[in-house]
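In order, the protein sequence lines correspond to chains A and B.
Just so you know, we're using my numbering here: the first sequence kicks off at 1 and counts up by one.
Just so you know, we're using my numbering here: the second sequence kicks off at 116 and counts up by one.
Since the hints were derived computationally from the structure, they do not count as laboratory data.
Every residue gets a Cβ at the ideal spot worked out from N, C-alpha and C, and that includes glycine.
Possibly wrong hints are sitting among the right ones.
Only part of the chain A face toward chain B is listed, based on derived beta-carbon distances under 7 Å [stated by the list, open to error]:
1) 41
2) 42
3) 43
4) 102
5) 104
6) 106
7) 108
8) 109
9) 112
10) 113
The list that follows gives simulated cross-link-like pairs (lysine-lysine, DSS-like), each with its CA atoms no further than 25 Å apart [to be verified]:
11) A:57 / A:44
12) B:118 / B:188
13) B:226 / B:118
14) B:223 / A:57
15) A:57 / B:118
16) B:223 / B:118
17) B:131 / A:44
18) B:223 / B:185
19) B:230 / B:118
20) B:188 / A:44
21) A:44 / A:9
22) A:44 / B:226
23) B:188 / B:223
24) A:9 / B:223
25) B:185 / B:131
26) A:9 / A:57
27) B:188 / B:226
28) B:230 / A:44
29) B:131 / B:226
30) B:118 / A:9
31) A:44 / A:14
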Amino acid sequence: NAGVTQTPKFRILKIGQSMTLQCTQDMNHNYMYWYRQDPGMGLKLIYYSVGAGITDKGEVPNGYNVSRSTTEDFPLRLELAAPSQTSVYFCASSYRGRGSGNTIYFGEGSWLTVV
Amino acid sequence: AQKITQTQPGMFVQEKEAVTLDCTYDTSDQSYGLFWYKQPSSGEMIFLIYQGSYDEQNATEGRYSLNFQKARKSANLVISASQLGDSAMYFCAMREGRGSQGNLIFGKGTKLSVKP
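Just chain A, with the same shape it has in the complex (with noise of 0.2 Å):
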């Protein structure tokens, strides 16, 4: 039972360092999304990707990069990293369906620190 995994749950970079967030999820959802979560806001989309091979910006992709060369995983890279994204990152996905079939799943997040 398993749905979206995520790595690591907590990690502190140092300012200029390059690390991956990895996501995996066993749903066969076609459709996979990154978003950042603030202190004391919403969340707002990184990357998202509707298949494997296919992959887009979201409101906020800036410093970021992903692949998607399986169903199963969309890695988030961060290049040079910044204090700005000091941030909660959130690994999701659905089944592009009706109704419910929409409901987007979520990772259990990931804290990153940069300093």
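Place chain B on chain A using the hints.
Below, chain B alone, put in the same frame as chain A:
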């Protein structure tokens, strides 16, 4: 203009009482979906309830119900018989149109505190 507006940054409710969390939305699409998520202090996002724009009945899921008023573009969450475990942030979100990437647009949230 904000697409999802939650006007209550914080709310208090007495245990066992009902509470309504407000949400208004803005869209020109005819087909859209409205969602409520709960985020406890542990941080995860928990799906609560969904309402489709063409659904004629208000959605209900256990103690949660969605008061959907399409003409007013509002989708308020009603929690009946509040419990201490309901203390959390609550986010209203919208998913627009069949042709979109299916992204959820979130409001800024309402922090609900349940008093014993």
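Straight-line alpha-carbon gap residue 57 of chain A to residue 118 of chain B, limit 25 Å | Distance ~19 Å between residue 57 of chain A and residue 118 of chain B Cα, so the pair holds.
Hint consistency between residue 188 of chain B and residue 223 of chain B [alpha-carbon to alpha-carbon, up to 25 Å] | 17 Å, holds
Taken at face value, is the distance from the CA of residue 44 of chain A to the CA of residue 57 of chain A at most 25 Å?
-> 12 Å, holds
With a cut-off of 7 Å on the beta carbons, see whether residue 102 of chain A makes it to chain B.
-> Since chain B brings a Cβ to about 5 Å from residue 102 of chain A, closer than 7 Å, the hint holds.
Taken at face value, is the distance from the CA of residue 57 of chain A to the CA of residue 9 of chain A at most 25 Å?
-> 24 Å, holds
Between residue 223 of chain B and residue 118 of chain B, is the straight-line Cα distance small enough, at 25 Å or below?
-> Distance ~11 Å between residue 223 of chain B and residue 118 of chain B Cα, so the pair holds.
Hint status (Cβ of residue 113 of chain A to nearest Cβ of chain B, threshold 7 Å) = 14 Å, violated
Is residue 44 of chain A close enough to residue 226 of chain B, meaning Cα to Cα at most 25 Å?
-> 18 Å, holds
Going straight from one Cα to the other, do residue 230 of chain B and residue 118 of chain B come out at no more than 25 Å?
-> 31 Å, violated
Does the CB of residue 104 of chain A sit less than 7 Å away from some CB of chain B?
-> Holds. Min distance 5 Å.
Keeping to a limit of 25 Å between CA atoms, is the pair of residue 230 of chain B and residue 44 of chain A held or broken?
-> 31 Å, violated
Straight-line Cα separation of residue 223 of chain B and residue 185 of chain B no greater than 25 Å?
-> 21 Å, holds
Consistency with the previously given hints fails for numbers 9, 10, 17, 19, 25, 28 and 30, ordered from lowest to highest.
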